[in-house]
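> One letter stands for each residue in the lines below.
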Amino acid sequence: MPPLLLRLSDIKKSFGAVKALKGVSFELRPGEVHALLGENGAGKSTLIKVITGAHIPDSGTLEISGGIVSHLTPTRSQELGISCIYQQPALFSDLSVSENIGLRLEKNGPFGKVNWKQRHKTAVALLQRIGANIRPETHVSELSMPEQQLVEIACALGSGAKIVIMDEPTASLTRSEQELLFGVVRDLRTSGAGVIYISHRLEEIFALADRVTVLRDGESVCTRSVRSAAGKNELSEDELIRLMVGRDVASIYPPRESARGEVILELQNISCAAGRIRDINLSVRAGEVLGLAGLVGAGRTELARVLFGITPADSGSIHLDGRELVVRNPRQAVCLGIAYVPEDRRRHGVILPMPITENISMAVHSKLFPAQWLNFQRERDLGKRFVHALGIKASSPDALGGSLSGGNQQKVSLARWLATEPRLLILDEPTQGVDVGAKSEIHRIIRDLAAKGLAVIMISSDLPEILGMSDRIAVMREGRIAEILDGASASAQSVMSAALRSA
Amino acid sequence: MSPQTRFIPKQLLRQEFLLLMVVLLEVGFFLCTAKNFGTSDNISNIIRHSAEIGLLTLAMMPVILTGGIDLSVGSLMGFCAVMFGVITHDWHVATPPAAALTLLAGLLAGAFNALLITALRLPPLIVTLGTYSLFRGLAEAITQGTKTYRSFDSDFINLGEIHWVGMPIQAWIFASAALFFYLLVHRTTFGRSFRAIGFSPEGTRYAGISVQKRTALPYLLTGITAALASLLFTARLHQARADAGMGYELYAVTAVVLGGTSIFGGTGTVHGTLAGITAIAVLSNGIGRVPAVFKAGVGGELAALLTGALLLIALTAPGIGNHLAKMFAKDSTNLEKLKPSVSQHAQKTPILPS
Numbered sequence: 011m012p013p014l015l016l017r018l019s020d021i022k023k024s025f026g027a028v029k030a031l032k033g034v035s036f037e038l039r040p041g042e043v044h045a046l047l048g049e050n051g052a053g054k055s056t057l058i059k060v061i062t063g064a065h066i067p068d069s070g071t072l073e074i075s076g077g078i079v080s081h082l083t084p085t086r087s088q089e090l091g092i093s094c095i096y097q098q099p100a101l102f103s104d105l106s107v108s109e110n111i112g113l114r115l116e117k118n119g120p121f122g123k124v125n126w127k128q129r130h131k132t133a134v135a136l137l138q139r140i141g142a143n144i145r146p147e148t149h150v151s152e153l154s155m156p157e158q159q160l161v162e163i164a165c166a167l168g169s170g171a172k173i174v175i176m177d178e179p180t181a182s183l184t185r186s187e188q189e190l191l192f193g194v195v196r197d198l199r200t201s202g203a204g205v206i207y208i209s210h211r212l213e214e215i216f217a218l219a220d221r222v223t224v225l226r227d228g229e230s231v232c233t234r235s236v237r238s239a240a241g242k243n244e245l246s247e248d249e250l251i252r253l254m255v256g257r258d259v260a261s262i263y264p265p266r267e268s269a270r271g272e273v274i275l276e277l278q279n280i281s282c283a284a285g286r287i288r289d290i291n292l293s294v295r296a297g298e299v300l301g302l303a304g305l306v307g308a309g310r311t312e313l314a315r316v317l318f319g320i321t322p323a324d325s326g327s328i329h330l331d332g333r334e335l336v337v338r339n340p341r342q343a344v345c346l347g348i349a350y351v352p353e354d355r356r357r358h359g360v361i362l363p364m365p366i367t368e369n370i371s372m373a374v375h376s377k378l379f380p381a382q383w384l385n386f387q388r389e390r391d392l393g394k395r396f397v398h399a400l401g402i403k404a405s406s407p408d409a410l411g412g413s414l415s416g417g418n419q420q421k422v423s424l425a426r427w428l429a430t431e432p433r434l435l436i437l438d439e440p441t442q443g444v445d446v447g448a449k450s451e452i453h454r455i456i457r458d459l460a461a462k463g464l465a466v467i468m469i470s471s472d473l474p475e476i477l478g479m480s481d482r483i484a485v486m487r488e489g490r491i492a493e494i495l496d497g498a499s500a501s502a503q504s505v506m507s508a509a510l511r512s513a
Numbered sequence: 016m017s018p019q020t021r022f023i024p025k026q027l028l029r030q031e032f033l034l035l036m037v038v039l040l041e042v043g044f045f046l047c048t049a050k051n052f053g054t055s056d057n058i059s060n061i062i063r064h065s066a067e068i069g070l071l072t073l074a075m076m077p078v079i080l081t082g083g084i085d086l087s088v089g090s091l092m093g094f095c096a097v098m099f100g101v102i103t104h105d106w107h108v109a110t111p112p113a114a115a116l117t118l119l120a121g122l123l124a125g126a127f128n129a130l131l132i133t134a135l136r137l138p139p140l141i142v143t144l145g146t147y148s149l150f151r152g153l154a155e156a157i158t159q160g161t162k163t164y165r166s167f168d169s170d171f172i173n174l175g176e177i178h179w180v181g182m183p184i185q186a187w188i189f190a191s192a193a194l195f196f197y198l199l200v201h202r203t204t205f206g207r208s209f210r211a212i213g214f215s216p217e218g219t220r221y222a223g224i225s226v227q228k229r230t231a232l233p234y235l236l237t238g239i240t241a242a243l244a245s246l247l248f249t250a251r252l253h254q255a256r257a258d259a260g261m262g263y264e265l266y267a268v269t270a271v272v273l274g275g276t277s278i279f280g281g282t283g284t285v286h287g288t289l290a291g292i293t294a295i296a297v298l299s300n301g302i303g304r305v306p307a308v309f310k311a312g313v314g315g316e317l318a319a320l321l322t323g324a325l326l327l328i329a330l331t332a333p334g335i336g337n338h339l340a341k342m343f344a345k346d347s348t349n350l351e352k353l354k355p356s357v358s359q360h361a362q363k364t365p366i367l368p369s
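Each protein sequence line maps, in turn, to chains S and Y.
The opening residue of the first sequence carries number 11 in my numbering; numbering runs sequentially from there.
The opening residue of the second sequence carries number 16 in my numbering; numbering runs sequentially from there.
So here's chain Y without its partners, still in its complex pose (with noise of 0.2 Å):
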């Protein structure tokens, strides 16, 4: 046992479990200070700003869990929206052949770092890094850095703004999104596989699974995600833009990373990456509604700042807690309870000599 479960519940230091309250405390103090929090206006506006940058990171937590990393997908997403407007507006196909086409070209995008990664054998950061200017410059050389496709059929655009049975289609997706890579994960010998390789991929490899088809699949579906995420973002803003997406990849990493999920690869979990999307969306928009006495002078900058104070509060918590736990062990008589556990250990994994 270790020493900590003693004084604090271990489910009680679990990331997922630290972020909900964290949710529910934020959610608390908007309601009583910010202005017009809880009308389901704000509520439908939240989904509808959060679900591309909540899809990017549904689709990050799988390679995270492989112990990848893909900082491609915001890029991505300005090549695709670039893309679907050339499909419509260049090449005048109609709406639905184009949507499709473009989803393809996120995948063959994805393709193409899942090749470098897996058949070269080349670290995900840096193929990734490679990929990030990479889409992003394609997307700005197609568009000459200044053209903006505008006018689409009113039936895409009402993807950015209609409501089905009370909420906003991109809640429908983005559930439906949720509920995939929650399956995949926890359900399916992918996600198992995913864990494994996260874990150890020379140990994955040796017990007979095939490590670079497995690793390949969730760059090939963050590649499909992130061209659906244009497709939303160009029906919410009624325009394909280069600049979709920009900066969207950390704010994916770092939900992800805020959810519970080892940047190291082999554990986490998606409704962790769900309580860490969430915080980060409530307390963004959150922020823009308090009044300025509580934003201490920092204005618009304020949502960034928390974020990045949550992610280094959530990342440092636990540890901090397994210390406090241990220091307070030792002032207590436990002290010697712990000590043959320790030895055992010991004893446990020898240090064989060569």
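Here chain S stands alone, though its shape is the one from the complex (with noise of 0.2 Å):
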């Protein structure tokens, strides 16, 4: 049996108080497809940044071809033939499809001279490889990212890589383009490369892979073959799904109110290209906590952002308390009673060098202002009164946003929008990077808020949070509602299946 191309034994990697990678052990044979599986931060990125030289684990070893690598960076990496096509491609845009591929490819000559000749001429045969119609003078800027993908791939395998690494290769891709990607996967295997092939399509790890790895938490769960020596499907959807949420959902999650009021918010065929999003009927209650789930890039977010009026809807109606309404931008969702708590915090949710306070005050400065002139006494009032609620840690609510914790700052970017005094709240990640004590507490104030009448649609990738607090869980799969599930009722299995099953 020849060597394995690529072996990690027990790698650990941790950010801070993060603990991304647990012990992950997984190995790649030459001639192999294996696809690498998890739900959204189970740690798939890190350990392709481990294997790519990005990272460096805290412990574990990394052998390649062999021969155990202790110091990996990313020019190392590339010279012992691993090759990794991120989702997004990583190109000059302003330099031509011969030119990107040379600067990958070619070796400096002497005193930096460029052979164009030669570099056309491998750039039309790498191309043709892979059956691209593109033509290598084309400048990156002028092709669509499914092209540039495809000449992220003629790189790649011009590059004679032995491992080669894909991330959600098809997420843009068109069939046709995923049927000469697929072309090229089988090529690269029958040459004797090795590819882990990552994606959240099962339909494309059954029609590729040969094995597959399971990551969950931070663990690899399993490695198992899809196909037996027979050529029959050892495996199910729902075995790889259940293994990637098999485990028990914590029963922390404070108690539903069932008290559910009239209709607030009623989408009726929602569309917007910007977002991606099509055809979205959904309708939110007083008093109900609905999840939103979904993969990342699913159109949750984009949801969100339409109702909040930073991307319009194209077509479809929004009717909030029964009044249909459009909703052009932020100022106006916010007079319309519409909040949104934005997913990135540190960016949209709190702006870091400005005090507590004037965060808090921030989407409420006409009610709060009506001369537009400051009273600071009102400001501090205000400010102190949501710390207080909240239970924000700060030396004082004059301290800057940028000094808190992220739960912290999470509870600042709520309380903001509770100052607003909202009908309907978006939430969109809220206990993303926040620890255990505060994330708890954010979902009793969700709840509370709930029980106080206000319609809240919380966006969550987090399947524990989404089963422990919605009332109803919209599952979203590529921009539209994919199934609306119980909340009571629903378990990780079915909300993950109706998020990955192919239609």
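FYI, nobody ran anything at the bench for these hints, they're computed from the structure.
Quick reminder that beta carbons are idealized off the backbone N, C-alpha and C, glycines included.
Treat the hints with caution; some may be incorrect.
Listed below are several chain Y residues computed to face chain S (Cβ distance under 10 Å; list not exhaustive) [claimed, not checked]:
1) K50
2) K162
3) R165
4) S215
5) G223
6) I224
7) T282
8) H286
Listing some non-contacts, in silico: residues in chain Y with all C-beta distances to chain S over 12 Å [stated by the list, open to error]:
9) T110
10) P138
11) Q159
12) I188
13) L199
14) I212
15) L330
Here are the computed distance ranges between Cβ atoms for each label pair [as the list claims (entries may be wrong)]:
16) L335/S to L137/Y: 29 to 37 Å
17) A134/Y to N279/S: 28 to 36 Å
18) M261/Y to M155/S: 44 to 52 Å
19) A319/Y to V336/S: 54 to 62 Å
Join the two chains, each given in its own frame, into one complex according to the hints.
Structure follows, in structure tokens:
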């Protein structure tokens, strides 16, 4: 048996207090397509970065082609024949395709001289090999996203890589481009290279992969063959999903209050091309927490951005309290009683160099200061009230947002929107990167708000949170609502399966 | 607690305070060396000569606070001066309505900048670099590069000469403008939004504030202020010329930055800006009165040289101060105490895996 191309044993990696990888083992044989599967945040990206040398693991060993490599750097990993194709192509957009390929593959000649003829030839040959219909002299900025991805793949092929990593390569590809890609993957396999293939589309894994390794919470759960020697499928979709989510849902969530009021928000056939969401039909009642589940990129944040007027809808109708309305910008959304606690709190949720009180009062300027004249006393009172009510831990209400921990920043962001006394509260990943204590406090606050008659939409990639908090769960997949489940009876299995399963 | 607070009180490192020291040093030095520096005549003189730049500087401050810049103010002053000449001399309009029309022209020019910057989302540096040439070019086209409008109403000329309650008129106009900008920046939601926009336009938008409308306002104000400055300029020199305000935009930016406003936006105070204006105004007046011994043979250009040096020192002093404080901290036994606070901070902001 030929030696393994790659072998990772017991790899651990932490970022501050967050343990991203807690002992992952993985191997790749020559001529194998090995799929890597896991929920959002299971540790796939971190693992890939360990293999490409972008992250140095805290412990564990890394063997490449039979030899232990202790200090891997991105340059070293390329020399060892590892090539990675990311979701977002990293090409120079003002250079031509052949220049990009040349920059990746060519060694410097004497005096940095470029052999343009040779460069052109190489590019033509590589593009032909993957069957891409792209002219080498085209500027990358003129290419579509999938075409750029094909150029990336050409680079990987041209480098003669023995280990090719593909991170959700089909996310932006059309059907025919997917077929091209699958051809390339099979081609690589026959030539004896190994492919690590990451995808959320289970059907692709069944079509391409020889083996699957499932990651969960930073650990490798198991590695299984997709087909038996006789060519029969050994795994089912159900089994894979169970392996991905298989854990207990902690029962630390506050009890659900079942007093649901009238419909606050009703969406009919909402579509938005910029946000890539289509035909959204959804309603939320007063006192209800609607969980919005789905994979990263399924369109959940995009839906929130439509409701908050950041990228207004192209078509469809929004009814709030039974009145049809158009939300054109955030300013208007605030006036209508829609609040959005954004996902990226450091960029959008809190203005870090400004004090807590000023952050909290930002969305209520016109209510608090009707003549646009600042009243510092009223502002401080408002700040103190929320610092107290939400238990924000800070040296003083005048402490800068940037001096707070993640959980407390999140509470400031939440406070800003509670101060507007909204009818509809949209929370985007409200507990991402928040420590456990603050997390359960935020959950309690959300529950209290619902009990007071707010309609709450909670976007979350944290399955236990979705299951523990939601009265109903809307699962999104590829820009649409795939399924709406009852919160009390839904299971991790049923949510994941709705998020993943091919239609 | 950051390391430097232990050795030097933070207040002393504030740029406003440092600058106040600089102004006092300047005044002290010139009182001892310069001829007639401390006379009331000279003080009026300083005010009269720096009122126009001072007004532009005040108006520049909120622009820079939003993270923008307006390089067109000096040229706009030239354009407005010429417009005032045209309106009074060629259109034979009486002085008060002509002045009002001039202010309107300034406002419209400012609105033009604002429109390009907010509606078309072009970078302020590029837009106002364009209008910098455009406004001056218009002024020169109207006057054919040579024409100067002279002979204005004596009432209007008086604006540049007379005193009111012991101070030149310009002092009162400048003081009102300073009060206006102070209140705007520090006491209204407008000023608050300027700062927020300077820190993070996207974050401000997510807070439901209409960033475009709020960003437009400071450019309207620089427009109207440039027009006002052009009227003072015309009254002081008794003539309206296309080269009014030549190079003033850079003086204004220098004074604002010297006054502690970050060129990237977000931080800064109007009182700091006032100190910045004063430091430059006193310096350029005093240098002209110092005997040749002190000028080291550089002559009249010394004011510009010192202004530049002052700016660079003011910008680097806090950084050097911090650096020294850190070095001092390393040498002392406080190093151990500093360590946990650093690692705590690192834990608070983990680089999360995607």
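> Run the structure past the numbered hints and jot down the numbers of the failing ones, going up.
Per hint list: 1, 2, 3, 8, 13, 14 violated.
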